[in-house]
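Participant: Below, each chain spelled out in residue letters.
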Amino acid sequence: MKQITKAMMLVAVLGVAACTNADRFDNDFDAGAGAGTGVAVPGSADDPTSVAHFQQRVGDRVLFAVDQSNLSPEGQTVLAGQAAWLLRNSDYLAIIEGHADEQGTRQYNLALGARRANAVMEYLVAQGVPQSRLKFVSYGKERPIEICSQEACYAQNRRAVTIISAGLTG
Amino acid sequence: MTHRLMQLVLAAMMALVHVSATAAPLRIEITEGVVEPLPFALPVFVPESPQAAELAQQVSRVVAQDLIGTGLFREIPSDAHISRVSSFGAPVAFADWKAINAQALITGAVGTDGAGRLTVKFRAWDVFAGTELVPGQQFASSEDGWRRLAHKVADQVYSSLTGETPYFDSRVVFVSETGPKNKREKRLAIMDYDGSNVQYLTDSSAIVLAPRFSPSGDRVLYTSYASGFPRVHVLTVGDVRSRVLQSNEGVMSFAPRFSPDGRTVVYSLTQGSNTDIWAMDVASGATRRMTNSPAIETAPSYSPDGSQIVFESDRSGSQQLYIMSAAGGDARRISFGQSGRYGTPVWSPRGDLIAFTKQNAGRFHIGVMRTDGSEERLLTASFLDEGPSWAPNGRVLMFARETQGAQGASALYSVDVSGRNLKRVRTPAGGSDPSWGPLQ
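Going down the list, the protein sequences come from chains Y and R.
If you count the first sequence from 1, position 86 lands on 86 in the numbering used here, and the numbers rise without skipping.
If you count the second sequence from 1, position 411 lands on 411 in the numbering used here, and the numbers rise without skipping.
Isolated chain Y, as found in the complex (with noise of 0.2 Å):
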């Protein structure tokens, strides 16, 4: 049984992890959606050990104010809990996406949603998280998930999100 779980888990990380196209961007996580009451279904966002757990559970993100990258203290709140969960999931990896808004020139955004990211993975790391467990990767203002020229949507897209990918040992 505990053989089917990690297998039905890791099948459940890979549609995550190994999807590298645009799609990947979009905010929705159906993953887990309808569990019913009762018994955590694995992989479910009931179970703690899931990948949809931590997406929507936990928090797979944090945001940015205007040209920063800074973590604010619901930030820090949340990247306490993902740290908190790759500590309990050693079996995990971690790459850190980090983004910005569409206002700024490419080459900066580039460099500014490296600094996000590199934010979030200091912090991880201050929680105990070990640093060959974590990437991190900038796609400046290349993949924003709201597309409206405003500050609601603006505030979306300067994020840092954590995706958990599948680990190297059994």
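Calculated directly from the structure, the hints in this document are not laboratory data.
Errors might be hidden in some of the hints.
What the hints assert, rightly or not - Which chain R residues face chain Y? A few, computed with CB under 10 Å, are given here:
hint, residue
1, 182
2, 210
3, 296
4, 316
5, 319
6, 340
7, 343
8, 344
9, 405
Think of the CB as a built atom: it goes at the ideal place given N, C-alpha and C, for glycine as much as any other residue.
Assemble chain R onto chain Y, guided by the hints.
Facilitator: Then chain R, alone, in the frame of chain Y:
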């Protein structure tokens, strides 16, 4: 005198001429102004055989469009012509062209040899002086190279009328864009300067950004996410093969640009939260750190003599422009506008100006300043203008304009360095990150 004609065009290009009161050499500052374009006539080039008739029409159109597209010339429509040109060698009836106020007359002939070989002969005349501006010349190529022949003809006429080096026979590498902002697909593409002959260099499987031509146009630097991380690649235009140039594990590299001799590439490397400028010797792969500050340093661009590099940094707290020696090290800030952020600096091929993107009060501008930061002029304004690239003669800038909102799209535009003649460069899909290559 043809000299008189050139002065007419120069006046159109400069619009305002400042003469320094004390300095001996005449200094001319290019400034914004409204001018009357110089009228020319271009009767359809004479086809030397019935088979050449269609090509003669096409070549004539492209020559006229090149000249009109500068904003410096105006074509007198053919239905106003009095004279018909029936053979290339026939004497010119200057009185007929004077009567319709054609200042310049361009005549030509187009021939094909039946085996796919195309020849174009042409002359340009100063109508009121009754003299040749461009003595009879001839270009030849394969028939499918007819556009290049037309651009070469227009280049000759442009040079003789302006005294400037030309730019029509040049290509632009850019990012072709399709799809909405949150699912944008990007491909590297190359085109003629006027948007014709688009060829794709990559597919859209990985994000590609900011291609930059080598000085001779044989290679293109760009940033690709093919590995999952942004990394500088170099592509050979001839065989469309590319390789990773900077592949250090765990780092991002981007914003590459060649040195004027094509041997060195400067680019940005991100390590931790810090982005610095590095240089790589292309042949050996040896790298060297050029800046060393905890701030963001990016978008380096060499001076045409290769001795200096202009770049952007937020070391002062906001994005500003700096110049350092090509050996790296200390830098001096050159942008001191009242407000706003400055990025994407590009040194003019003439050496005298630096073009940039300025972001201020929610608007974006393409602007130019002297290399000491003085005489800043903003040439455009919109929701998002970005990433200027110079024409090979330093007279025109091409850049990308992204429109606002959920339906927003990016397109290429060009503008004269005077700020006049802003226009869209038509491409089959959207476009961004143009890099204007050398005269071919």
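Participant: Under the criterion of a CB-CB separation shorter than 10 Å, is residue 343 (chain R) in contact with chain Y as hinted?
Facilitator: 4 Å, holds
Participant: For the hint on residue 344 (chain R), does the least C-beta distance to chain Y fall short of 10 Å?
Facilitator: 5 Å, holds
Participant: Min Cβ distance, residue 319 (chain R) to chain Y: is it shorter than 10 Å?
Facilitator: With a closest approach of 6 Å, the residue 319 (chain R) hint holds.
Participant: Taking the closest Cβ pair, is residue 340 (chain R) under 10 Å from chain Y?
Facilitator: Status violated, d = 12 Å.
Participant: With 10 Å as the cut and Cβ atoms as the points, is residue 210 (chain R) at the interface with chain Y?
Facilitator: It holds, given that the least Cβ distance between residue 210 (chain R) and chain Y is near 6 Å, below 10 Å.
Participant: So, residue 405 (chain R) near chain Y? Judge it on the closest CB pair being under 10 Å.
Facilitator: Holds: closest Cβ of chain Y sits about 5 Å from residue 405 (chain R), inside 10 Å.
Participant: Taking 10 Å as the limit, does the beta-carbon of residue 316 (chain R) come near enough to a beta-carbon in chain Y?
Facilitator: 13 Å, violated
Participant: Could you check if residue 296 (chain R) really has its C-beta closer than 10 Å to a C-beta on chain Y?
Facilitator: 4 Å, holds
Participant: At a threshold of 10 Å, is the proposed contact between residue 182 (chain R) and chain Y supported by beta-carbon distances?
Facilitator: 5 Å, holds
The structure does not agree with the numbered hints 4, 6 stated previously, though it agrees with the rest.
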